[in-house]
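Q: Spelled out from the first residue to the last, the chains are:
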Amino acid sequence: MSNLETLKTELAQNRDISKYQFTQAVGDNVMVVPKEDILSLLRYLKDTDKYDFLMDVCGVDYPNREKRFDVVYHLFNSKNASRLRIKCAVGDNETIDSALPVWKSADWFEREAYDMFGIIFAGHPNLRRILTHHQFVGHPLRKDYEADRQQHCTSTLPIFFDNEGEERGDVLNPNCVPLNIGPSHPAMHGTLRVMVELEGESIVRAGCEIGYLHRCFEKMAETHTYNQVIPYTDRLNYCSSPMNNVGYCKTVERLLGVEIPPRAQALRVILCELSRIIDHTVSVGTGGVDLGALTAFFHLFTYREKVYNLFEKFCGARLTVSLTRVGGMAQDIPDGWLEEVLAFCKEMRQEIDEISSLMLDNKIFIKRTQGVLPVKASDAIAWGYTGPLLRACGVGLDLRKTQPYYGYDGLNFDVPVGTNGDIYDRYLVRVEEMRQSVRIIEQVCKNMPGGDYSIRDRGIVLPEKKDVYGNIEGLMNHFVLVVRGLRPPVGEVYDATEAANGELGFYLVSDGSGNPYRLKVRPPCFAIYQSFPHVVKGGFIADAIATVASMNVIAGELDR
Amino acid sequence: MALSTNAPANLSATDLAHQLKDREAEELGKSFATTSRLDDVIAWGRKNSLWPLPYGTACCGIELMSVMGPKYDLARFGAEVVRFSPRQSDLLLVAGTITEKMAPVLLRIYRQLLEPKYVISMGVCASSGGFYRAYHTLQGADKVIPVDVYIPGCPPTPEAALDGIMLLQKMIEDGHPRPWKQNWKAPDYV
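Protein chains in written order, with the working numbering: chain S, 3 to 562; chain G, 150 to 339.
Hint data in this document are derived by calculation from the structure and do not stem from the laboratory.
Hints should not be assumed to be uniformly reliable.
Here are the simulated DSSO-like cross-link-like pairs (lysine-lysine), alpha carbons at most 30 Å apart as the crow flies [stated by the list, open to error]:
1. S:Lys365 to G:Lys220
2. S:Lys315 to G:Lys334
3. S:Lys448 to S:Lys403
4. S:Lys348 to G:Lys220
5. S:Lys308 to G:Lys220
6. G:Lys319 to G:Lys334
7. S:Lys315 to S:Lys467
8. S:Lys48 to S:Lys69
9. S:Lys89 to S:Lys52
10. S:Lys348 to S:Lys48
11. S:Lys145 to G:Lys319
12. S:Lys37 to S:Lys89
13. S:Lys10 to S:Lys37
14. S:Lys89 to S:Lys106
15. S:Lys378 to S:Lys348
Let the hints inform the model, and build the full structure from the sequences given.
A: Encoded structure:
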């Protein structure tokens, strides 16, 4: 009996499920339920320990339907890696209960669904815009909003906080010092804005404002063909672009039902692990800068440049590589590239030890980070933490182990976990993960499979240039595929990969046309960063800066 | 030798002696001093000591870090002293997408910079909005502030960024006219 059927029989015992639908879509378990039941259902699923993570809440717009919107919840069980998608139809002027009383992680996700679609979540205490600016009128991800209709913003908001219980967020406490940091501030990494109320140096209240880099990825995805979306994914987490390419292409390939050749899988693993290394070097390096250690930044960028050189040799680009295509890779590796990667790994092994002694053994660094603003494992799960930050709390969840893809299950590597969930453990985990990534790359390089780097399905992958220029079939194939675009079947899929910051999920809805109907990104740092005001409460302002750095918030994927 | 050809034939011995002395003085002067216009000296100083404010918002910000980093090393052009306070810098390096939400902030930062001030927009997003022809993306930083140098690329390579900075240095050296700045009117923002 499958998971879904077990759930169905169990639910039938304690509630009326005559209006529920249980289906399987491309291997995902899906439940469609009436919106009135959603809160009690989520509470039941959480309390009976069936699912411990609420990974994502998002909306989908179907303007021609009687009830226009779908609110889609993605649940995850970290023990057996099972997932469940719950969908509720909501009309234009209807409300749906907020999931906030059950899962804290629903907070920003629901605000985003409100901002993008205008779906009202009843009981949400802070249902205001999150990504678009405060003067914005309308809801941009509705199908009737044109992608390029810009609305200018001519002012900035004063300091404000979230409403909490009886306390109003826009009324400041006259006994505290209000302080605004960002969005243009070195410690805010360019685009974050943090507002605090201080008593001495302690934080009484904190608030975040995001969206300063909201450049409409999801709307752009709806107006471009499937392969044209790949360059946009590069710019989600721009510290580790190839991982976003891989996550997106893997999702589309699952919807298409194709499996890419072993060589393409191996190449994707190498690219992912190389970018995991450079993502962590940036995180550790800028973390050092935010604590006053500028040397760390200069030193660690030397290693980053080496990986950039490898990327540049592979494809010509350094940062935004767009190396994957739906169905495989864009091209094969040049001669001698693997040897260079292996040489880099050899170098990197020693250099990671150096980073470790430079940062983690540094007395000042230890004093600034050890035991500072720790997060409990239970809280981390409730907020939807994934990746290094969750592992720093002692939860050994890594999708490469629990839901292996691309042959990760055949590779030897360990998943490092911390104990306290403090800032020090986060860096400890990151540095150790770099060592493990080196191990992975070495294994894959030594066992690189031969064969093609891409599938050769004529409806999916463009023919090779020699065929396009050499024979009429190739030319026609190229022409048709460019004009029509590749067209996945009608359906929907959620797929996740372990990116450098945690679970990077893509929820893709296809209506059978050449463009995605809806593409929702579940960025790892979005869930993590929403906990920031709660984590830093009572801490020092300087420790709050260290916390932002250790969360490794990348505005590109946070704001999309 | 030159002296004898230039000297008129009826020159007295004393005049000749004076002329010799002047010439000696001139030769001597050339060995340790140069003459120039004050403007040129100031421009030379300015172009070699730009203090940038790195307004890195997105991917280009990461490449800008490479430009500052050990390999490409902006210090070679005298511009390594990055200042995060607009009061202390004279070059605004807009590196990355500027969204509608960010536009008022960028304008305020620009106004806080002291004269003389220069702006480089790094990458296509800051220059024109790039491939984000979208509802929340400002179609170029020059919609709100005057830009001196545009660097193409998505993101530009560090070499391209250095080229842009060298171009600005050349503009400062030559005293290139900047009508886009002279005629700039601040948008009507709060």
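Q: A separate judgement is required for each hint: does it hold in the structure or not?
A: Each hint tested on the structure:
The hinted pair formed by Lys365 of chain S and Lys220 of chain G meets the criterion: a straight-line CA distance of about 29 Å does not exceed 30 Å. Distance restraint check for Lys315 of chain S and Lys334 of chain G: the Cα-Cα separation of roughly 45 Å exceeds the 30 Å cut-off, and the hinted pair is therefore not satisfied. For the given pair, Lys448 of chain S sits about 21 Å from Lys403 of chain S by alpha-carbon distance, which is consistent with the 30 Å threshold. Distance hint between Lys348 of chain S and Lys220 of chain G is fulfilled; the C-alpha atoms sit about 21 Å from each other, no more than 30 Å.
Distance restraint check for Lys308 of chain S and Lys220 of chain G: the Cα-Cα separation of roughly 10 Å lies within the 30 Å cut-off, and the hinted pair is therefore satisfied. In summary, the hint linking Lys319 of chain G to Lys334 of chain G is supported, as the alpha carbons are separated by about 25 Å, within the 30 Å threshold. Between Lys315 of chain S and Lys467 of chain S the CA atoms are separated by roughly 21 Å; this keeps the pair inside 30 Å, and the hint holds. Straight-line distance between C-alpha atoms of Lys48 of chain S and Lys69 of chain S comes to about 27 Å, which keeps the hinted pair within the 30 Å bound.
A hinted pair counts as satisfied when its Cα atoms are at most 30 Å apart, and Lys89 of chain S with Lys52 of chain S qualifies at roughly 17 Å. Simply put, Lys348 of chain S and Lys48 of chain S have alpha-carbon atoms about 46 Å apart, too far for the 30 Å limit, and the pair is violated. Only pairs whose Cα atoms come within 30 Å are accepted, and Lys145 of chain S paired with Lys319 of chain G is rejected, the gap being roughly 49 Å. Taking the CA atoms of Lys37 of chain S and Lys89 of chain S, the gap is near 8 Å; set against the 30 Å cutoff, the hint holds.
Restraint check for Lys10 of chain S and Lys37 of chain S: satisfied, since their Cα atoms lie roughly 18 Å apart, inside the 30 Å limit. The hinted pair formed by Lys89 of chain S and Lys106 of chain S meets the criterion: a straight-line CA distance of about 19 Å does not exceed 30 Å. Annotation: proposed proximity of Lys378 of chain S to Lys348 of chain S is violated, straight-line Cα distance about 36 Å (limit 30 Å).
Checked against the numbered hints above, the structure breaks hints 2, 10, 11 and 15 and satisfies the rest.
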